[in-house]
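If you want the building blocks of each chain, they are given just below.
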Amino acid sequence: MGTYVAKRLLLIVPTLIGAAALVFVIMRVIPGDVALLIFGGEAGGQIDAKQLADMRQRLGLDQPLLVQFGTWLWGILRFDFGNSLWTGRPVIEELLIRLPLSLELAIAATIVSVLIAIPLGMLAAIRQDTWVDYLVRVVSIGGLAIPSFWVGILCILMLVIFFGWGPPLEFTPPWIDPWANFQMMIWPVVTVGYRYAAVTTRMTRSTLLEVLREDYIRTAWAKGLRERAVVVRHALKNSMLPVITLVGTEFAFLIGGLVVTETVFTLNGVGRFVVDAVAHRDYPVVQALIFLIAFGFVVVNLLVDLTYAWFDPRIRYR
Amino acid sequence: MAAGARRSFALSIFVALAVVVGLAVTAVHAADTPRRGGILLAVIGADPPSLDPHQESTFATLQLVAPLYSTLLQTDPYDYPKVIGDAASEWKISPDALTYTFKIRQGIKFHDGSPLTAADVKATYDKLLFPPAGTRSVRKNSYSAVTSVEAPDAGTVVFKLKFPSASLLLNLASPWNVIYPKKYLDKDPNYFMKHVMGSGPFKFKSYTPGASFEGERNPDYFVKDRPYLNGYKFFISTETSVRAAAIRSGRAYIEFRDLPNAEVEAITKQLGDKVAVQHTPMTGQWGIAINNMAKPFTDERVRKALTLGLDRYTMGRVLFPLASLKDVGALLRPGTEFSLPEADLQKLPGFGKDIEKNRAEAKRLLAEAGYPNGFKVVLKNRNVKLPYQDFAVFAVQEWRKIGIEAEQRPLETAAWFADGRDTGNFELIVAPTVEASDDPDTFLRRYTTGDPQNWGRFSDPGVDDLFSRQSRALDPAERRKAILQLQKTVLEHAYYMPGLWWTRNVVHWTKVKNYVAPPNHYANQKLQDVWLSED
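In the order they appear, the protein sequences are chains A and B. Residues in the first sequence are numbered consecutively from 557, following the working numbering. Residues in the second sequence are numbered consecutively from 258, following the working numbering.
These aren't lab readings, by the way, just hints derived from the structure by calculation. Incorrect hints may have been included.
Claimed, not checked - So the derived label-pair ranges between C-beta atoms look like this:
1. Asn771/B - Leu710/A: 34 to 40 Å
2. Leu859/A - Asn771/B: 53 to 59 Å
3. Thr413/B - Leu622/A: 32 to 38 Å
4. Gln619/A - Ser371/B: 35 to 41 Å
What the hints assert, rightly or not - Not the full set, but computed from the structure, chain B residues with beta-carbon under 7 Å of chain A:
5. Val415
6. Lys419
7. Tyr448
The C-beta atom is built at its ideal place from N, Cα and C for all residues, glycine as well.
Please work from the sequences and hints to get the whole structure.
And the structure:
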């Protein structure tokens, strides 16, 4: 087990360097120049060639690409991701403003999705081809088909039209004002949670159905065990491996991937930050965020793999 | 009834009436008397790239920080575009119009307690006009006539010019030219990208990037009894429907830039007389740059055919409810001092009201140029829906009627700037012009040879000469003549294709008092006279 974990930890290094190199190259291949964008603003602006050259020099964009890449990697080793080319503030400072919100949303939405998905998936599996199963399938397909941002806009509009009430426009951390935090976060958590519950429900249903057809389950029935014991004690735990993988990767995605939902609910999260940074060609921010999101995925995957052993004792890492 | 009783009764009626009238008058007066206190809550559609208006050209910076600063001059909040003083109490212009002398108001203090003097104004304008290495000044070209700024004493600033500049006063009233304290600029000319230290009616309170920006009342503001508000707070949301919903729910009281008509109608339908809408024209025009260096657009007949193919009058009717684009005009805002008169405008290609005649002429020109069956072309655009893409969709449909198959290609902002402004990698591209005033210098410079904003890359010595003449002409009649001729020349040769002029819907709760929307979303943002009738 220890060797396995050590190997996995070592593998993180090339994975992250690969991700860093890839995003570095992509950002410089796509058209658009951050110096020009900084001068351009909303609708143009007047540009002076000397000022433009000065700006490129100030931003370090006049250096050879390899030097720029090397400088950046050296910065990472010192946990210094540089400054945003757009705002001039340290990237890590910008990230820390947004990370608590994104983490809260990701954790809460994952909890909501699991709380919805596991019971519904189980219900649909053990009542296969009954009206219960059909209802759960309709609800889950609905969740897959309807974009969560659209559900979000619908939520906001209904609240505004029918109750003349809208969610707060500014994030308040739960440790400062739990009620204000709840009022703001409940809607995105529910809409995102519903979307991911739909995926997880379908996965739970199908894996549980597979396990329920296994010989040892038939044996359990033959022994006269009650339905609850068969399903919960024998089938559910063994059907959870793919579900755990799914929930883990969903969680990692939720930290940086909820751009539109964050926009709709005025959430100042990491997803919006990434997209804005790409649009501004803010290389240090994009590189740092992709790097950190990749790091998040790697860590979550590692945790998922380690969790397997607990769920399935047959798995032993050598 | 005895006479005494009648007198008492009459007296009591009189007193009662007097009380009622008095109460009514008091009520009216109370409604009109500014109330102190309250926080003005607003929504804004973008996060600022930095906090330094000298270095930025987006409303996202200016609307947030304008209440924190003073400017040398300003446009009158109640009488745009009249220029009035702010930090300057008075000024005089020498007879040869080469020296402008400004007296600086006494008693203005920065928020750190230090006095605002002529040295601060000089340092500010030196930064704007002659930006030090590593800083930028996006409006520097508007002051090309100025050779130096001097501060002979603490209360006097002198601008020396190399040639007369008809636009100088209006440009000195630019809301972007906020005055910074010299001592901070001396330490770091980029200090104000991340920090704020002004002398305006409000002091900086907090800023959370991507979320909110807050200012609080400056008790030492130099204008007596101002501001009325205790503070203001902007919530940042890039989603139009979210900003509209924030107004509808009362989470915000105003959106200063613009909301589309559909949202405005929904808000007014739900909130009725609780909200007011100020419709104003805008100093902004959506048009299409034609690459004059690329075939077939080197041929004037082809360029003319394109502009003839646009039915601008129908476009205005269709796009106004969707995208706030409304008025047909030339290169300066219709109805303003230097705009082209309607009769002259209609004689220019694409501006006549008989669209069938225009289309027939367009087809004739295309055939004459060797394209009897039209051609295919790519119209590049910014991937922003309002009003960019709605505008382009309409243009594409129009050109189809004269045989031109245009494909709209939306580009991300960076690529749009790179292709349009930087490299000229386009055939046609949507290229708007949005400025802080109707100043002809600012609007027309882009039609001169080699100007970075001349996306169409055309060169006409006649246009260059007219621009230079109007810029130096101090006689308004002489200036107007040159400006009208310049507009006619650009449009007769179809170097550029104007589309429609933008309009502005400012929606606010009626409890927001004393805010008058000027024809752009940059001016009148100091908020010093704004008050709330209730919280």
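Hints, verified against the model:
1. Asn771/B - Leu710/A: 34 to 40 Å: holds (37 Å)
2. Leu859/A - Asn771/B: 53 to 59 Å: holds (58 Å)
3. Thr413/B - Leu622/A: 32 to 38 Å: violated (55 Å)
4. Gln619/A - Ser371/B: 35 to 41 Å: About 40 Å separates the Cβ atoms of Gln619/A and Ser371/B, which means 35 to 41 Å holds.
5. Val415: violated (25 Å)
6. Lys419: violated (18 Å)
7. Tyr448: violated (11 Å)
The structure fails to meet hints 3, 5, 6, 7 from the earlier list, while all remaining hints are met.
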